[in-house]
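Engineer: One letter stands for each residue in the lines below.
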Amino acid sequence: MENIIVKKEINYLHITLRTFYYIVVFGLIFWGFKGIEYKGIMQSASGSINALIKGFLNPDMAYATNNTIDGLPFAILETIAIAISGTFVSAIISIPFALLASQNIVGSKVSKIGKLIVTMIRTFPELILALIFISVVGPGAPAGILALGIHSIGMLAKLFSESIESMDLGVKEALESCGGNYFEVLFRAVLPQVSPELMSYTLYRFEINMRAASTLGLVGAGGIGAPLIFAIRTRSWSRAGVIIIVLVITVTIIDQISSRIRKRIV
Amino acid sequence: MDKISVSKPKKFKRNLIILTVLFLIVASAWFAGFNVIEVMINLNKGSRLLGRMFFPPDLSYLPNIVDPMVETVRMAIVGTFIGATLALPVAVLAANNFIKSKFLHGPLRIILNIFRTIPALVLASLFVAVFGTGPFSGVVALSIFTFGLVSKLTYETIEAIDYGQVEALMSLGANKMNILRYAIMPQILPQYMSYTLYGFEVNIRAAAVLGYVGAGGIGQTFEFNLAWRNFDRVGTIIIFSFFIVLIIDLISSSIRKRLV
Numbered sequence: 004m005e006n007i008i009v010k011k012e013i014n015y016l017h018i019t020l021r022t023f024y025y026i027v028v029f030g031l032i033f034w035g036f037k038g039i040e041y042k043g044i045m046q047s048a049s050g051s052i053n054a055l056i057k058g059f060l061n062p063d064m065a066y067a068t069n070n071t072i073d074g075l076p077f078a079i080l081e082t083i084a085i086a087i088s089g090t091f092v093s094a095i096i097s098i099p100f101a102l103l104a105s106q107n108i109v110g111s112k113v114s115k116i117g118k119l120i121v122t123m124i125r126t127f128p129e130l131i132l133a134l135i136f137i138s139v140v141g142p143g144a145p146a147g148i149l150a151l152g153i154h155s156i157g158m159l160a161k162l163f164s165e166s167i168e169s170m171d172l173g174v175k176e177a178l179e180s181c182g183g184n185y186f187e188v189l190f191r192a193v194l195p196q197v198s199p200e201l202m203s204y205t206l207y208r209f210e211i212n213m214r215a216a217s218t219l220g221l222v223g224a225g226g227i228g229a230p231l232i233f234a235i236r237t238r239s240w241s242r243a244g245v246i247i248i249v250l251v252i253t254v255t256i257i258d259q260i261s262s263r264i265r266k267r268i269v
Numbered sequence: 399m400d401k402i403s404v405s406k407p408k409k410f411k412r413n414l415i416i417l418t419v420l421f422l423i424v425a426s427a428w429f430a431g432f433n434v435i436e437v438m439i440n441l442n443k444g445s446r447l448l449g450r451m452f453f454p455p456d457l458s459y460l461p462n463i464v465d466p467m468v469e470t471v472r473m474a475i476v477g478t479f480i481g482a483t484l485a486l487p488v489a490v491l492a493a494n495n496f497i498k499s500k501f502l503h504g505p506l507r508i509i510l511n512i513f514r515t516i517p518a519l520v521l522a523s524l525f526v527a528v529f530g531t532g533p534f535s536g537v538v539a540l541s542i543f544t545f546g547l548v549s550k551l552t553y554e555t556i557e558a559i560d561y562g563q564v565e566a567l568m569s570l571g572a573n574k575m576n577i578l579r580y581a582i583m584p585q586i587l588p589q590y591m592s593y594t595l596y597g598f599e600v601n602i603r604a605a606a607v608l609g610y611v612g613a614g615g616i617g618q619t620f621e622f623n624l625a626w627r628n629f630d631r632v633g634t635i636i637i638f639s640f641f642i643v644l645i646i647d648l649i650s651s652s653i654r655k656r657l658v
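Which chain is which? The protein sequence lines are A and B, in order. Count along the first sequence from 1, then add 3; that gives the number in the numbering used here. Count along the second sequence from 1, then add 398; that gives the number in the numbering used here.
These are calculated hints, taken from the structure and not from any lab test. Values in this document were obtained by computation on a predicted structure and should not be read as measured data. Where is the CB? At the ideal position from N, CA and C, for every residue including glycine. Honestly, I wouldn't trust all of these hints.
[What the hints assert, rightly or not] Result set (EDC-like, lysine to aspartate or glutamate): computed pairs, CA atoms no more than 20 Å apart in a straight line:
#, chain 1, residue 1, chain 2, residue 2
1, B, K550, A, E210
2, B, K655, A, E165
3, B, K550, B, E565
4, A, K118, A, E165
5, A, K112, A, E168
6, A, K266, B, E557
7, A, K118, B, D647
8, A, K161, B, D560
9, A, K175, A, E210
10, A, K115, A, E168
11, A, K266, A, E187
12, A, K266, A, E210
13, A, K266, B, E554
14, B, K550, A, D258
15, B, K550, B, D560
16, A, K118, A, E187
17, A, K175, A, E187
18, A, K112, A, E187
19, B, K655, A, E168
20, A, K37, B, D465
21, A, K115, B, D647
22, B, K498, B, E436
23, A, K57, A, D73
24, A, K161, A, E187
25, B, K574, B, E557
26, B, K443, B, E557
27, B, K498, B, D456
28, B, K500, B, D465
29, A, K266, A, E200
30, B, K500, B, E554
[Unchecked claim] Covered, in the sense of this in silico footprint (three residues per stretch, anywhere, with C-beta under 8 Å from a C-beta of chain B), are these stretches of chain A:
#, segment
31, 25-34
32, 49-59
33, 174-184
34, 231-238
[As the list claims (entries may be wrong)] What the simulated footprint calls covered on chain A by chain B, stretch by stretch (three residues with Cβ under 8 Å from a Cβ of chain B suffice, anywhere in the stretch; the number is not a length):
#, segment
35, 144-153
36, 219-226
37, 243-251
All chains, please: the whole structure from these sequences, using the hints.
Structural biologist: Shown next, in the form of C-alpha cells:
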C-alpha cells in the first residue's frame, strides 16, 4: 500500500507575521503587568472579608421589607423605571440615527458620517453623561433616564442600521416605483420589515440598561446605586449584602423574561 | 364570482401587548418623575456646564493626565488577560456537550451568571473597601467581570460547534483530551479571541470610570477635578479619554472583523 503524505506548505511570511503578532500581544500584556503595582493586601483585609461574608449571610431584612421611600423595594422599582424609560427614549431617538447610518437609505458617504457619530456616542461613558444631566435636571432619576437614553443610542442605532442594511430592498423599490414619497417608504416598507429585530434589540438593550441603571446612583442619578455605594463606604455589609442579593435576583429574572420574549419575536 | 374574504389575524392579543408596554413606559416615567417640559426648560443650564467644560478645555492640563490614562489602559489589559485566561477552561466545563454532567455545569452557570450580573463598578467599590484604593482593586474587579462575560459567550459557542468533527474523532477512538484539542479548540478559538477583544473594549470603557470609586486610573483624576469644580480640566480629561477609547475601539473592532 502506498502511503499518502500530504505535505504542508511552509509560508514564511505567514510564520513571521504570526510571531510578530504574538510578540506584540505578549509585550502588551507584560507592559500592563509591569505598571500595576501590587501593594499587598491591607492589614485589615482578612477582617474585612470576614465581616463581608458575615454581612452577606445576615442580610438586613428590615431594610428589604421597608416599604417607604427609603426602603429597598422603592429603590429597586426606581431602578427598573429608569431602565424602562431610558431604553424607550433611546429606542425612539435611535431610529433617525440608524437611518442616517444605513448605507442603503442615505448612500455610502452620508452613512459613513452617521456611523462615526454613532460610534462617538457609544464611546462617551454614561456616568459622565449622568453627571452632565444632573447639572441640567438636578440629582435624581430623570438625570439617569436621560443619561441612559443618550448613551444607548450608540449601541441601538448601530444594531438598527445593521438590520436596515441587511433587509430585502424589494418592498422599498416597489413603493418607490409606485411614486411613494419618503415617509410612505419609511413607514410602509422599511420600518415594518425591520420592526421585529428592532424590538428584539431594544429588549436586549433593556437588559444591559438594567445593570447600568444600578450603577448610575453612584453619581446621584437615582436608583439602587446610591444606597448601595453608601452601604459599602460605611461598611454596613449586611445592608450591602441584601442590596446585591436582591439586585442579582431582579436582574436575573428580568433577563430571563426578556430573553424569552426575544426568542418569540424573531 | 365568489368573494374571497381574507380574515384578518386577531388583533386583540396584539393590542393587549401594546397597551401593556405603553402602560409600563408611562408608569415608569411617572414613577421616576420624568418630565419632558422640565428638561426642556433646564436645558440651558446644561449648556452652561458644557460651555465651562469644553469651550475652552484646559489643554495645559494634558501632560498631567497621560500617566493616569496609561494606568487605565494597563488595568484593562491585565484585567482582560486574567479574566479571559481563566474563562477558557471554565467555559469548557460549563458547556453541556463536552462533559455531560448536570451537577457540574448547572452550579457553574449560576456562579458565572452572578459574576456577570454585578456591575464592574459595584465589584470595584467592594474590592476598594477590602483591598484599599488603587489600580489593584480595579484589576480584580475587571478580571472577575471579564471572566463572567467571556466564559458565558465561549460556552455558548462550544455548545453550537459542528459536532461532526467530534464524532469523527470519537469513531477513531480518541479520548476527551484529543477531542478537546483537535475538534473543539480549532473551532472555537477565533470566536474566543474575538470575545476577548470585545471584553477588552468593554474593559477600557469600564476602567476609565472605575477610578470614580477609588479603583485607580483616569477616573480618580476625573473625580478629584470634579469635586474641586475644575470643569475646564474635567473637559480635557473627557476629550482625551474619549479619543483614546475611540482609537482602541476602532483598532480592536477591525481586528475582530478579520478574526471571525
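Engineer: For the pair supplied as a hint, A/K115 and A/E168, is the alpha-carbon distance within the 20 Å limit?
Structural biologist: holds (13 Å)
Engineer: Holds or violated: are the alpha carbons of A/K161 and B/D560 at most 20 Å from each other?
Structural biologist: violated (30 Å)
Engineer: Quickly compare the C-alpha distance for A/K112 and A/E187 to 20 Å and report which way the hint goes.
Structural biologist: Not OK: A/K112 and A/E187 at ~24 Å, beyond 20 Å, violated.
Engineer: What's the verdict on B/K550 and B/E565, does the C-alpha distance respect the 20 Å limit or exceed it?
Structural biologist: violated (24 Å)
Engineer: For A/K266 and B/E554, compute the direct alpha-carbon distance and say whether it is at most 20 Å.
Structural biologist: holds (16 Å)
Engineer: Do at least three Cβ atoms from the segment 174-184 of chain A come closer than 8 Å to Cβ atoms of chain B?
Structural biologist: Not satisfied, violated; 0 residues make the cut.
Engineer: If you look at each residue in the segment 231-238 of chain A, do at least three have a Cβ nearer than 8 Å to any Cβ of chain B?
Structural biologist: Holds, because 5 residues of the segment 231-238 of chain A bring their Cβ atoms closer than 8 Å to Cβ atoms of chain B.
Engineer: Straight-line Cα separation of A/K266 and A/E187 no greater than 20 Å?
Structural biologist: violated (30 Å)
Engineer: State whether the coverage of the segment 49-59 of chain A by chain B holds or is violated, taking the criterion as 3 or more residues with Cβ-Cβ distances under 8 Å.
Structural biologist: holds (count 3)
Engineer: A/K118 and A/E165 were given as a pair; does the straight-line alpha-carbon distance stay at or below 20 Å?
Structural biologist: With a Cα-Cα distance of about 10 Å, the restraint between A/K118 and A/E165 holds, given a limit of 20 Å.
Engineer: Given the proposed pairing of B/K655 with A/E168, does the C-alpha separation stay at or below 20 Å?
Structural biologist: Cα-Cα ~17 Å, so holds.
Engineer: Are there at least three residues in the segment 243-251 of chain A whose beta carbon sits under 8 Å from a beta carbon of chain B?
Structural biologist: Three-residue rule met by the segment 243-251 of chain A, so holds; n is 4.
Comparing the model with each earlier hint shows violations of hints 3, 8, 9, 11, 16, 18, 22, 23, 24, 26, 27, 28, 33; every other hint is respected.
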